[in-house]
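Asker: Going down the list, the sequences are from chains W and P. Heads up: the first sequence at position 294 corresponds to 294 in the working numbering, and the numbers run straight through without jumps. Heads up: the second sequence at position 293 corresponds to 293 in the working numbering, and the numbers run straight through without jumps.
Treat the hints with care, as some may be off.
[Said to hold, decoys possible] To be clear about the criterion: a stretch of chain W counts as covered by chain P if any three or more of its residues have a C-beta under 8 Å from a C-beta of chain P, and this derived list gives those stretches:
(1) 77 to 85
(2) 91 to 100
(3) 155 to 165
(4) 287 to 300
If you are wondering where the hints come from, they were derived from the structure by calculation, not from laboratory data. No experiment lies behind these values; they were computed from the predicted model shown. Backbone N, C-alpha and C fix where the C-beta goes; we use that ideal spot for every residue, glycine too.
2 protein chains.
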Amino acid sequence: MANPTIKDVAKAANVSIATVSLVIHNHKRISMETKQKVLDAITALNYHPSRSARGLVSRKTGNIGFILTHDHFLRTEPFYTQIFMGTEFEARENELYVLLTTIDSNFHEGDSLPRFILERNVDGMIIAGKVPSLLIDKLSNYNIPIVFVDYSPSNKKVSIVAVDNLHGGMLATQHLVELGHKKIAFIGGDIEHPSINDRFNGYKLALEKASMSLNERLINTEEDYPARINGYNAAKKIFSINKDISAVFACNDAMAVGVIQYLKDIGKQIPNDISVIGFDDVVSENSVNPPLSTIRVPKMEMGVEAMRLISSLVKDHKKIHKKILVNVELVVRQSTKKL
Amino acid sequence: MANPTIKDVAKAANVSIATVSLVIHNHKRISMETKQKVLDAITALNYHPSRSARGLVSRKTGNIGFILTHDHFLRTEPFYTQIFMGTEFEARENELYVLLTTIDSNFHEGDSLPRFILERNVDGMIIAGKVPSLLIDKLSNYNIPIVFVDYSPSNKKVSIVAVDNLHGGMLATQHLVELGHKKIAFIGGDIEHPSINDRFNGYKLALEKASMSLNERLINTEEDYPARINGYNAAKKIFSINKDISAVFACNDAMAVGVIQYLKDIGKQIPNDISVIGFDDVVSENSVNPPLSTIRVPKMEMGVEAMRLISSLVKDHKKIHKKILVNVELVVRQSTKKL
DNA sequence: TGCGGTTAGTTAAACGTTTAACCAAATATG
DNA sequence: CATATTTGGTTAAACGTTTAACTAACCGCA
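Start from the sequences, fold in the hints, and give me the full structure.
Answerer: Written out as structure tokens, the structure is:
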């Protein structure tokens with residue numbers, strides 16, 4: 001049959017539609033006998049309940065909204081794309097679908113919210129990356145569970161899947177320290193961003209542990225946002241006032257690539273003259289020369305975790321807030337070297 | 001009000017719910033007066049029709065399915081990702097959402113179809129890239145419009161958004177010819193794939209136009225699929241039997257990168273010793289050295305076109321088949337040089 | 001005046017599920 | 001043996017829309 005409904009199944013199995021529904025939901029009050037009869041009819045007709053009808057009465061759509069800014073979606077490095085892919089995979093496991101939407105990074109009063117919220121077309125939402133706090137406020141008014149990924153508003157109790165940035169910052173810095181570097185620069189953009197700030201804190205902590213003093217002149221966190229071009233510019237600034245830097249910890253891979261580009265431009269060899277380490281692990285191994293040492297962030301896994309979390313929040317209907325911290329890992333390639 | 005329904009609006013505007021619905025659909029039989037009254041109530045209550053309820057009666061879900069193979073989704077080059085992004089953007093314009101799902105590249109009899117098909121949760125679908133023909137057959141049984149992107153089963157009349165691969169193949173080859181190259185190799189994988197085959201035909205056509213003879217020894221199309229590693233291997237084979245090749249046209253960027261890597265390994269300089277051109281334009285400008293000359297495929301635009309097409313097919317309910325050929329463009333960077 | 005036509009709106013059925021409330025038959029209990 | 005309880009199901013209302021069929025009011029015209 002083209003598109004069988006529950007009625008067709010009921011007729012075929014010679015029971016009421018309620019019985020069919022109860023069988024589908026594994027209700028206990030059905031005898032094994034009838035259950036099997038119904039199940040057979042279901043497979044025979046290749047019946048699948050209609051999402052729309054289900055959604056209407058059960059108030060569950062089976063959809064999860066995925067919100068990120070326009071900018072993040074368009075980024076060339078596949079950071080958020082990978083997270084999105086993780087959510088997609090896990091969504092299948094949970095019989096859910098992901099509705100992706102992008103929003104403007106400057107969201108104003110009066111701007112309309114994602115349509116899937118307004119039309120009650122999602123059971124929960126995942127917000128990936130930094131988004132305007134006004135948007136978060138607006139979204140919180142709807143009674144829909146939210147899971148943040150890689151960013152959360154600092155003031156509130158929320159569910160979040162976050163990277164252990166502090167530890168990552170320490171790992172990167174310690175790696176350079178262990179290679180014997182004494183003058184280690186830190187290059188970051190948008191230090192207001194909690195993630196970047198934590199990476200910076202990791203840097204400071206690692207230096208402290210190694211009994212190395214913090215040198216303001218080795219630090220540049222003035223760039224707007226952590227993109228390649230800003231890594232280039234930051235490197236230019238910092239190297240023009242310091243001639244003796246031997247290693248750079250850039251707050252992410254994009255900036256690290258910019259740093260490397262600048263250093264090549266002024267004739268430096270990497271890693272022979274200067275060691276450079278990044279963060280995120282988003283540039284593929286043979287796309288930059290030398291291959292970049294970095295801190296690997298398990299992007300897919302973050303998406304998976306976020307989907308698991310939102311899925312459980314939706315199902316259990318509990319208002320608990322859970323924080324999941326994903327581990328990072330030092331990946332030593334060829335952009336860092338013993339001094 | 002938390003989640004106003006059409007009833008609430010009707011009450012507020014002091015009309016029947018039918019009237020509200022008619023206003024929403026811009027039905028002519030409503031006076032300007034009442035229309036305004038209803039519209040006011042709608043904005044006052046911030047009312048938006050429920051997708052589930054709409055879907056149930058109108059048999060339109062407002063969703064479009066996006067199907068691609070697991071492999072393609074996981075590819076590091078953002079080819080299909082970009083197409084997907086294009087569909088997302090255009091979806092917003094058409095008040096649609098995209099439900100993405102991946103399928104196994106070897107689909108067997110008995111494997112279950114994407115859930116969104118079974119649950120009637122999409123109005124149409126976009127199939128991106130090469131997928132098993134058995135799957136296509138199965139999907140065709142459902143009465144849901146399909147638009148193919150970048151691949152279509154050769155035997156059938158279908159709607160498709162395709163790349164002008166033939167022209168692209170000619171452009172790439174002509175570019176090398178114009179630079180004075182005489183011995184131009186072609187490296188391709190999976191020559192059964194219509195796209196790759198067309199690129200190859202473009203190569204042949206361009207040579208013919210330039211009155212250059214086709215040399216079988218300059219051609220390698222034996223690799224399974226067009227990935228970097230296979231580009232490397234193909235280059236190895238072809239250069240071991242030809243010492244005088246001065247230029248290579250690789251059927252896509254991934255293979256071109258592999259070719260470059262091999263050439264570097266055997267000590268060749270690019271483009272001084274050998275010119276290399278790719279196809280697709282998926283490797284970012286500074287991720288390979290030297291930056292790769294290539295044929296640009298407008299990936300986003302393809303997604304946009306595909307969504308436009310499926311959207312119109314869904315709306316007009318016509319069974320027409322339309323083919324959209326998107327233009328390609330020669331992008332000269334630094335991997336090709338005058339002989 | 002009476003009738004057909006138009007205009008502007010309402011009524012009610014339908015879409016395909018879920019689930020609380022109900023019920024009949026079988027079984028257990030005192 | 002009469003009654004309470006359990007078992008295994010059914011009935012019917014509800015979810016929030018859309019839309020065909022209907023109707024009431026008004027208008028124009030012979």
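Asker: Each hint needs a verdict: does it hold in this structure or not?
Answerer: Evaluation of the provided hints:
{"no.": "1", "hint": "77 to 85", "in the structure": "holds (count 3)"}
{"no.": "2", "hint": "91 to 100", "in the structure": "holds (count 6)"}
{"no.": "3", "hint": "155 to 165", "in the structure": "violated (count 0)"}
{"no.": "4", "hint": "287 to 300", "in the structure": "holds (count 3)"}
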